[in-house]
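Could you build the full structure based on these sequences and the hints that come with them?
Listed in order, the protein sequences are those of chains A and B. In this text, residue positions in the first sequence follow this note's numbering: the first is 1, and each later residue adds one. In this text, residue positions in the second sequence follow this note's numbering: the first is 136, and each later residue adds one.
Rather than coming from a laboratory, the hints here were simulated on the basis of the structure. All C-beta atoms in this analysis are idealised placements derived from N, C-alpha and C, irrespective of residue type, glycine included. Hints are not guaranteed to be accurate.
[Stated by the list, open to error] Cross-link-like lysine-lysine pairs, in silico, DSS-like; alpha carbons within 30 Å at most:
{"#": "1", "chain 1": "A", "residue 1": "K5", "chain 2": "B", "residue 2": "K558"}
{"#": "2", "chain 1": "B", "residue 1": "K263", "chain 2": "B", "residue 2": "K217"}
{"#": "3", "chain 1": "A", "residue 1": "K127", "chain 2": "B", "residue 2": "K276"}
{"#": "4", "chain 1": "B", "residue 1": "K228", "chain 2": "B", "residue 2": "K196"}
{"#": "5", "chain 1": "A", "residue 1": "K5", "chain 2": "B", "residue 2": "K476"}
{"#": "6", "chain 1": "B", "residue 1": "K403", "chain 2": "A", "residue 2": "K106"}
{"#": "7", "chain 1": "A", "residue 1": "K3", "chain 2": "B", "residue 2": "K403"}
{"#": "8", "chain 1": "B", "residue 1": "K550", "chain 2": "A", "residue 2": "K106"}
{"#": "9", "chain 1": "A", "residue 1": "K127", "chain 2": "B", "residue 2": "K348"}
{"#": "10", "chain 1": "A", "residue 1": "K5", "chain 2": "B", "residue 2": "K553"}
{"#": "11", "chain 1": "B", "residue 1": "K218", "chain 2": "A", "residue 2": "K5"}
{"#": "12", "chain 1": "B", "residue 1": "K403", "chain 2": "A", "residue 2": "K127"}
{"#": "13", "chain 1": "B", "residue 1": "K556", "chain 2": "A", "residue 2": "K5"}
{"#": "14", "chain 1": "A", "residue 1": "K106", "chain 2": "B", "residue 2": "K556"}
{"#": "15", "chain 1": "A", "residue 1": "K127", "chain 2": "B", "residue 2": "K217"}
{"#": "16", "chain 1": "B", "residue 1": "K483", "chain 2": "A", "residue 2": "K3"}
{"#": "17", "chain 1": "A", "residue 1": "K127", "chain 2": "B", "residue 2": "K553"}
{"#": "18", "chain 1": "B", "residue 1": "K539", "chain 2": "A", "residue 2": "K5"}
{"#": "19", "chain 1": "A", "residue 1": "K106", "chain 2": "B", "residue 2": "K276"}
{"#": "20", "chain 1": "A", "residue 1": "K5", "chain 2": "B", "residue 2": "K540"}
{"#": "21", "chain 1": "B", "residue 1": "K540", "chain 2": "A", "residue 2": "K3"}
{"#": "22", "chain 1": "B", "residue 1": "K476", "chain 2": "A", "residue 2": "K3"}
{"#": "23", "chain 1": "A", "residue 1": "K127", "chain 2": "B", "residue 2": "K512"}
{"#": "24", "chain 1": "B", "residue 1": "K196", "chain 2": "A", "residue 2": "K127"}
{"#": "25", "chain 1": "A", "residue 1": "K3", "chain 2": "B", "residue 2": "K537"}
[Claimed, not checked] If you want the footprint, here are the derived chain A segments under chain B, 3+ residues with CB under 8 Å:
{"#": "26", "region": "6-15"}
{"#": "27", "region": "84-97"}
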Amino acid sequence: MTKLKIEFWGQEFVANMIIGAIGGFLIAVASSLGGFGGGPFVVPLLTVIMGLPIYVVVGSSLLAIFFNTLMASSRYFFFGQTDLLLFGIMAIGAVSAGFIGPRIAKRLSPIWVKRVAAVGIIYLGLKLLGIPWIP
Amino acid sequence: MRYKLKPRLSFFLYFLIFIFIIFSGNLFAQLQANANKPVTETLPLKIELQADKSTFKGGEKIKLTGKVPEGYRVNFIEITSKKKVQVSRLDRKDFKFYLSKEIPAFYQIWIADDYVAKIDKNGTVEEKPVKEIYQKYKQDKKWRIGEFLKESNANIAFITPVKEIKQINVWKTTILRAIIGARGIKLEPLTDKKDISKETARLIQTRFKGFGKIFVLTKIKNNPDGTFEAEITLPGNAPKDEFTVLAIADKEVKSDPIILTHEVTFPKVYFPVAGTSTNIFGPFLLALLICTFGVIMGAGGGFILNPMLILIYGLPHGVVAGSVMPSVLFSQAAGIYNYSKIGFISWKLGIGVGIFMLIGGFIGPLLNQFVTLEEYKFVFGIILLILAALLLWQTTPGYIEKSKKEKAILQEYLKRAKEAKEKKEISK
Chain A
1 MTKLKIEFWG QEFVANMIIG AIGGFLIAVA SSLGGFGGGP FVVPLLTVIM
51 GLPIYVVVGS SLLAIFFNTL MASSRYFFFG QTDLLLFGIM AIGAVSAGFI
101 GPRIAKRLSP IWVKRVAAVG IIYLGLKLLG IPWIP
Chain B
136 MRYKLKPRLS FFLYFLIFIF IIFSGNLFAQ LQANANKPVT ETLPLKIELQ
186 ADKSTFKGGE KIKLTGKVPE GYRVNFIEIT SKKKVQVSRL DRKDFKFYLS
236 KEIPAFYQIW IADDYVAKID KNGTVEEKPV KEIYQKYKQD KKWRIGEFLK
286 ESNANIAFIT PVKEIKQINV WKTTILRAII GARGIKLEPL TDKKDISKET
336 ARLIQTRFKG FGKIFVLTKI KNNPDGTFEA EITLPGNAPK DEFTVLAIAD
386 KEVKSDPIIL THEVTFPKVY FPVAGTSTNI FGPFLLALLI CTFGVIMGAG
436 GGFILNPMLI LIYGLPHGVV AGSVMPSVLF SQAAGIYNYS KIGFISWKLG
486 IGVGIFMLIG GFIGPLLNQF VTLEEYKFVF GIILLILAAL LLWQTTPGYI
536 EKSKKEKAIL QEYLKRAKEA KEKKEISK
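What follows is the structure, encoded as structure tokens:
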């Protein structure tokens, strides 16, 4: 029951659904509380912790996250917390980024992009935590 | 000829009657006004209040002038926007959840800096300059609006929001209920004027947070001849349209409200749920830049976008989460469609994990309402540090080596999937 058999392109994998359920649930709570997608956490959960190969995970994790985004978005909407104008602007920005991003990505080293991103995210995180010596 | 005169005559008669009715109506009204006159004289003393303009732009100085009845001086100026927003708050003491949709999107009380608050404490009157009280509260991070209103006497100027609020809903909640994703048991809405006043003040503090954002010390020039002058400025991010301004001397003596209109012109726009006006290109460029960066590093944009919107624009965390979250629905749906076309989704795995993420997504937004901005920032900060650690780990040589192999396999599979699909289409 706890082991889920997955067939993917003629290969068979076994997924531990206890880890998948608890991990997915916790990530979904955190990401819908914060209001971001859970991609960077769900993919490591399925690959590193559950041991599934990346080619099984890329599409399936997107589907799993979609459930979370759809539910959380509708909850926020019915709570009256969705500013449709802000949403519209963010959506246009996000969709355009989907076209621009891949074009720029080819010219950049993904490792360095990740390192720069990590530095920026650490800075932002410390600022949010209210560390006093952060400008 | 005579025949033709008759209808004219009757028309003339009707016209006379018509005029008479109007006239008598006027007469009646005048009589009534006369009858009302003695009453207005016994009404409490009023402050006359004028502004040098009826419409203004953010940051523009507005000069208020007027006349105060003898023996009084203007101590407070209350500014309330007519635009309202929804604000909610969880009281941690008794686990009651309060929500109102009628909290002004902008609210300030300007206090004369030379005002001395007189507080009657069981018969003994205590005098304290408001400047001192103000400084004390400004430095206190855990300030409470109710205490300040009482101590500084500013509660006599806390008028309009209480008057305009019709309903504050209340839920009694428990941690267990919150875990199930329910606000709790709905109680009767607040009806008692005192309760509404107290809770309205708390909701206003919840919305504006900063002490200096609600209360402003200013110079109000009270001349010996009873006239007064004051200058107010409202920030550019104030909501659009009408504001109510009141000048207050004490509990009984105040002005009638005057209306000022904030002109917001494109590219500045008013965000109705967030309750702020901002140049529309600001958030757009921010979203475009951060999401592009997010696509490149493969982590989406929300992680960076949400804190930036909160730190730069001071938007409420509930509105930020509620507006950014649905904006990725399109790209996610498009991604799922593209992968499914080439059979690259394990529906069993996706739905299996997805159901639990669905439950999580049911609870998260509710917790968002229950946490304060400080707690939200704290949780978000920790999530960001974990994310940074994950990203750095992905740049270590061991991981790169492993992912290179996996990526090669992934590319191989993608190629095969595409080919298989093409073959299918050809055979069709």
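Given the hinted pair K476 of chain B and K3 of chain A, is their alpha-carbon gap at most 30 Å?
-> holds, 27 Å
Hint consistency between K3 of chain A and K403 of chain B [alpha-carbon to alpha-carbon, up to 30 Å] = violated, 55 Å
Keeping to a limit of 30 Å between CA atoms, is the pair of K127 of chain A and K512 of chain B held or broken?
-> holds, 9 Å
Keeping to a limit of 30 Å between CA atoms, is the pair of K539 of chain B and K5 of chain A held or broken?
-> Cα-Cα ~26 Å, so holds.
Does the alpha-carbon distance linking K127 of chain A and K348 of chain B stay inside the 30 Å limit?
-> Cα-Cα ~21 Å, so holds.
Decide if the proposed pair is consistent with the structure: K3 of chain A and K537 of chain B, CA atoms, cutoff 30 Å inclusive.
-> The given pair, whose Cα atoms are some 26 Å apart, holds under the 30 Å limit.
Does K550 of chain B pair with K106 of chain A here, judged by a C-alpha cut-off of 30 Å?
-> holds, 19 Å
Pair hint outcome, K5 of chain A versus K553 of chain B [Cα-Cα no greater than 30 Å] | Status holds; Cα separation ~25 Å.
Agreement of K5 of chain A and K558 of chain B with the hint, judged by alpha carbon distance not exceeding 30 Å | Cα-Cα ~28 Å, so holds.
Regarding the pair K127 of chain A and K276 of chain B, is the alpha-carbon distance no greater than 30 Å?
-> It holds: about 17 Å lies between the C-alpha atoms, which stays within 30 Å.
Hinted pair K5 of chain A and K476 of chain B, Cα distance within 30 Å = Status holds; Cα separation ~22 Å.
Could you grab the alpha-carbon distance between K263 of chain B and K217 of chain B and see if it respects the 30 Å cut-off?
-> Judged against 30 Å, a Cα distance of about 33 Å means the pair is violated.
The structure does not agree with the numbered hints 2, 4, 6, 7, 11, 15, 17, 19, 24 stated previously, though it agrees with the rest.
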